[in-house]
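Number of protein chains: 2
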Amino acid sequence: MKKLSILIVLATAIGFAQNADEKQLKKVYSTSLTNGQSYAWLDHLSNKIGGRLSGSSNAAKAVQYTKAELEKLGLDKVWLQEVMVPKWERGKAEKGYFMSGSQKIKVPICALGGSVATKNGGVEAEVIEVQNFEDLKSLGKENIQGKIVFYNRPMQPDLISTFEAYGGCVNQRYAGAKEAIKYGAVGVVVRSMNLRMDDFPHTGSMSYGDISVADRIPAAAISTNGAELLSKQLKKDPKTKFGFTMHCKQYEDVMSHNVIGQITGSEFPNEIIIVGGHLDSWDLGDGSHDDGAGVVQSMEVLRLLKETGYKPKRTIRVVLFMNEENGLRGGRKYAEVAKEKGEKHVFALESDAGGFTPRGFSFDCSDENFAQVESWRKLFKPYLIHYFEKGGSGADIGPLKDDQIVLAGLRPDSQRYFDHHHAENDTFDAVNKRELELGAATMTSLVYLFDKYGTRKPSKIKGK
Amino acid sequence: MKKLSILIVLATAIGFAQNADEKQLKKVYSTSLTNGQSYAWLDHLSNKIGGRLSGSSNAAKAVQYTKAELEKLGLDKVWLQEVMVPKWERGKAEKGYFMSGSQKIKVPICALGGSVATKNGGVEAEVIEVQNFEDLKSLGKENIQGKIVFYNRPMQPDLISTFEAYGGCVNQRYAGAKEAIKYGAVGVVVRSMNLRMDDFPHTGSMSYGDISVADRIPAAAISTNGAELLSKQLKKDPKTKFGFTMHCKQYEDVMSHNVIGQITGSEFPNEIIIVGGHLDSWDLGDGSHDDGAGVVQSMEVLRLLKETGYKPKRTIRVVLFMNEENGLRGGRKYAEVAKEKGEKHVFALESDAGGFTPRGFSFDCSDENFAQVESWRKLFKPYLIHYFEKGGSGADIGPLKDDQIVLAGLRPDSQRYFDHHHAENDTFDAVNKRELELGAATMTSLVYLFDKYGTRKPSKIKGK
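Protein chains in written order, with UniProt numbering: chain A, 1 to 464; chain B, 1 to 464.
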């Protein structure tokens, strides 16, 4: 009988806790959807500030704006964390074309982030189209020397995760110039990482590795339509010349900031949970999906916790990282300072996959903690949140990785993300208010659960 | 030992069948995403034909176009099914305004489908704002007589399913005029069924019930921004007058058609599976989401089955229904003819919730058949299809309901649907190619499974 009583008490306690969790999640979603702040914040960040590449005056404005907005929330502490960042500027608009006979056909291009400018009024040369670095090897110096290398491997359309398709292509952009230099190329043009056929070239980071500045060659992205056009032309005439001019420039590193705000934990203030996105964006659009959405959703997490009357047991921090796009200096700096201070981070969540309808999360954590997450799955069902898988988390929180922390990334619907990613059409109008708000609520719900139950092994968690 | 052998054989057979199903689904998704036809069909339907309200010349063009396209697929049979449909025309663009002092403030309005025109150059009257029919009752004739009733109950934003939010509002549009007439109102203005704040008025069907033509009053939709503006003005000045002019007209019924194509089953030709959407649309946009998407996805189901080399055991029909929007005559006619012919329909699937990323299906069927569907759930996991719930199916297939048939509706992400529904911005550019193609593949997969295993009880199904 005693055993039975204990069981009844236990079952009642579990039921009680689940019921409280259901209620809290309902409150969180309802508040986000009826009285949310994220969309108005994004409106300001996108339309009043705009694209905010590291080191730019817009990036500095975004730091000041988000700091001021966090201060209005009545958090326990808001501060800036200094971080030196690279500064690169696109300069005057790029021009690209190819010659079809005596006709000059213009195609939409843009400089890749970090590229050198073209010299002497532009590069014009014959083009060699390749799919990958193996092609370079097979072709050899004799076929590449003095030419422009045109990387035209498209994103694989039959992958359901567009991020996986991106992962299968992005080495062309990141290392394309560095590889082509080895064979004497004079320039690089890369098909935009975009599954849609359109006229937007997509920028993104690239690296020359340890190649000296004098030996660097200019690298541009070409729109998907432009890539198809050029490829077709090359089939007609393999001697076709491609030309482009770019005016970009790399400056000395400058001082910038991560923006941080926190609610100090009431029971375990030394256990830190962070939620964040990156404040910098590429310069072409206004960075609404990448990653204005993640920034305002992360801010909204703390606001929703306060607004719903929840008092965190642990310390909850929002971290708006600087320089994810072309350096990751903000993420590295945050982890470095955390280590210096001996801070214990138990859970970190990043939103950096667009402001689309949330589907769930991917996790980088122990099996025990993943099992803990799985036990919460049913709480998310009413909100159509179903995706809980092991996998990557987020670039900015990556440097915090150790064998204790749970790292997670919000996983929104990915189908339209690369239509906008790093391009002129990553703009506010492409973000749907409800989708953004659902994402913020989903993040808040997971933060709430990790705060309430901690990241201990599931078998030891009360009420589970 | 014999028992063990049987078990091994059985287990092998099950494994083999699942493996074959996995392969077939992969082929279907891959073909849809790499070599799909749905988007090109939608392009034609939306951009070459446009809005296609029942009885219009565009509706007739859509019938001819889709019939011709189905004929190109090499199906076993393609035909038109005659159906008489209502014909209503909007006429010249509507105008709406309210008076603020001596200032005329224009607001975006449109006639509800089926409304009478305004007489004598327009209606202008004082406005009474209400939330529901109970308000009419409380206010009574003395407060309503001679006025325009303004229904301003918004869609509930904290419901996750926007269709549920729509369901909670649509009686204002459908029966608002009929109810207001009882209290002597001279016109009706209804807040658009839209969760977003914008300037698009959303039309949709309405009914006067058995109220005689002479007693009918004009009914318009007002954009969400317009509704907020008007409501604010009424708080300032309850005597504010609202005015509108509309030139719409109801004609005699005209002949139109359902478009039908079929692959005749190789083993059970008398067991019929149908997949469909509705060919008619409202006239304001081009009906891309509602329901061009469902039409082309349904056509694509048959094409994908053929393209992947699958030979259906049962008869698979695509049915493009006419007149879902303002009469459901096509759906009723199809069911009527099926009954007359004694046709046995075993499964019917409709896509009429937009061309957004598919999330799953809702079912109207027996517990046994729902359990059967649930046993297939894991096959859909790689495609992020997770929603399998009992609930509604589709308006057009509803008339087929009996105690044998499985009815199902595709359930795409619903967050953006009502931004476009029945409005000028339901256009081709609002449909994402991949999202549309994923929907077609998801439908094809379920049709394949029902074709292969039938709709018998799960325990009797081979290989399950």
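Rather than coming from a laboratory, the hints here were simulated on the basis of the structure.
All values reported here derive from a predicted model rather than from experimental measurement.
One should not assume that every hint holds.
Each pair may be met inside one copy or between any two copies, as identical chains are not told apart.
Below, simulated DSBU-like cross-link-like pairs (lysine-lysine); rule was C-alpha separation at most 35 Å, straight line [stated by the list, open to error]: (1) Lys-339 - Lys-236; (2) Lys-95 - Lys-26; (3) Lys-241 - Lys-401; (4) Lys-141 - Lys-61; (5) Lys-119 - Lys-378; (6) Lys-61 - Lys-235; (7) Lys-236 - Lys-72; (8) Lys-95 - Lys-390; (9) Lys-67 - Lys-147; (10) Lys-236 - Lys-48; (11) Lys-452 - Lys-378; (12) Lys-23 - Lys-381; (13) Lys-26 - Lys-92; (14) Lys-147 - Lys-23; (15) Lys-27 - Lys-235; (16) Lys-104 - Lys-48; (17) Lys-27 - Lys-92; (18) Lys-381 - Lys-27; (19) Lys-390 - Lys-26; (20) Lys-147 - Lys-178; (21) Lys-452 - Lys-119; (22) Lys-381 - Lys-26; (23) Lys-390 - Lys-378; (24) Lys-141 - Lys-77; (25) Lys-401 - Lys-141; (26) Lys-106 - Lys-87; (27) Lys-306 - Lys-67.
Hint-by-hint comparison with the structure:
1. Proximity of Lys-339 to Lys-236 under the C-alpha cut-off of 35 Å is found in neither arrangement, the shortest distances being 59 Å within a copy and 59 Å between copies.
2. Taking the shortest alpha-carbon separations for Lys-95 and Lys-26, neither the intra-copy value of 52 Å nor the inter-copy value of 41 Å comes in at or below 35 Å.
3. With identical chains, the CA atoms of Lys-241 and Lys-401 are never at most 35 Å apart, being 48 Å at best within one copy and 64 Å at best between copies.
4. Taking identical chains as interchangeable, the C-alpha atoms of Lys-141 and Lys-61 are never at most 35 Å apart, the minima being 47 Å within one chain and 58 Å between chains.
5. Taking the closest pair of Cα atoms, Lys-119 and Lys-378 never come within 35 Å of each other, the shortest separation being 59 Å inside a single copy and 56 Å across copies.
6. Taking CA atoms no more than 35 Å apart as the test, Lys-61 paired with Lys-235 passes in neither setting, with 48 Å inside one copy and 39 Å between copies.
7. Within a single copy, Lys-236 and Lys-72 get their C-alpha atoms only as close as 62 Å, which misses the 35 Å cut-off; across copies the closest is 32 Å, which meets it.
8. In this assembly of identical chains, the alpha carbons of Lys-95 and Lys-390 never lie at most 35 Å apart, being 43 Å within a copy and 56 Å across copies at closest.
9. Taking the shortest alpha-carbon separations for Lys-67 and Lys-147, neither the intra-copy value of 48 Å nor the inter-copy value of 51 Å comes in at or below 35 Å.
10. In the homo-oligomer, the alpha carbons of Lys-236 and Lys-48 lie at most 35 Å apart only across protomers (32 Å), although the nearest pairing inside one protomer, at 47 Å, exceeds that limit.
11. Both within a single protomer and between protomers do Lys-452 and Lys-378 lie at most 35 Å apart by alpha-carbon distance, with minima of 17 Å and 32 Å respectively.
12. For a Cα distance limit of 35 Å, the shortest separation of Lys-23 from Lys-381 qualifies both inside one copy, at 13 Å, and across copies, at 29 Å.
13. When the C-alpha separation of Lys-26 and Lys-92 is checked against a cutoff of 35 Å, the pair qualifies neither within a copy, at 50 Å, nor between copies, at 46 Å.
14. In this assembly of identical chains, Lys-147 and Lys-23 lie within 35 Å of each other by CA distance neither inside one copy nor across copies; the values are 64 Å within and 43 Å between.
15. Proximity of Lys-27 to Lys-235 under the C-alpha cut-off of 35 Å is restricted to the inter-copy arrangement: shortest distance 30 Å between copies versus 60 Å within a copy.
16. In the homo-oligomer, the alpha carbons of Lys-104 and Lys-48 lie at most 35 Å apart only across protomers (32 Å), although the nearest pairing inside one protomer, at 38 Å, exceeds that limit.
17. In this assembly of identical chains, the alpha carbons of Lys-27 and Lys-92 never lie at most 35 Å apart, being 49 Å within a copy and 47 Å across copies at closest.
18. Both within a single protomer and between protomers do Lys-381 and Lys-27 lie at most 35 Å apart by alpha-carbon distance, with minima of 15 Å and 29 Å respectively.
19. Both within a single protomer and between protomers do Lys-390 and Lys-26 lie at most 35 Å apart by alpha-carbon distance, with minima of 26 Å and 22 Å respectively.
20. Within a single copy, Lys-147 and Lys-178 get their C-alpha atoms as close as 14 Å, which meets the 35 Å cut-off; across copies the closest is 74 Å, which misses it.
21. For a Cα distance limit of 35 Å, the shortest separation of Lys-452 from Lys-119 qualifies neither inside one copy, at 59 Å, nor across copies, at 64 Å.
22. In this assembly of identical chains, Lys-381 and Lys-26 lie within 35 Å of each other by CA distance both inside one copy and across copies; the values are 11 Å within and 26 Å between.
23. Taking the shortest Cα distances, Lys-390 and Lys-378 sit within 35 Å of each other both inside one copy (17 Å) and across copies (17 Å).
24. In this homomeric assembly, Lys-141 and Lys-77 never come within 35 Å of each other (Cα to Cα): the closest approach is 58 Å inside a single copy and 59 Å across copies.
25. For the identical chains of this complex, Lys-401 and Lys-141 are neighbours neither inside a copy (42 Å) nor across copies (70 Å), given an alpha-carbon limit of 35 Å.
26. Taking CA atoms no more than 35 Å apart as the test, Lys-106 paired with Lys-87 passes inside one copy only; the shortest distance there is 29 Å, against 49 Å between copies.
27. Taking the shortest alpha-carbon separations for Lys-306 and Lys-67, only the intra-copy value of 17 Å comes in at or below 35 Å, while the best inter-copy value is 58 Å.
The structure does not agree with the numbered hints 1, 2, 3, 4, 5, 6, 8, 9, 13, 14, 17, 21, 24 and 25 stated previously, though it agrees with the rest.
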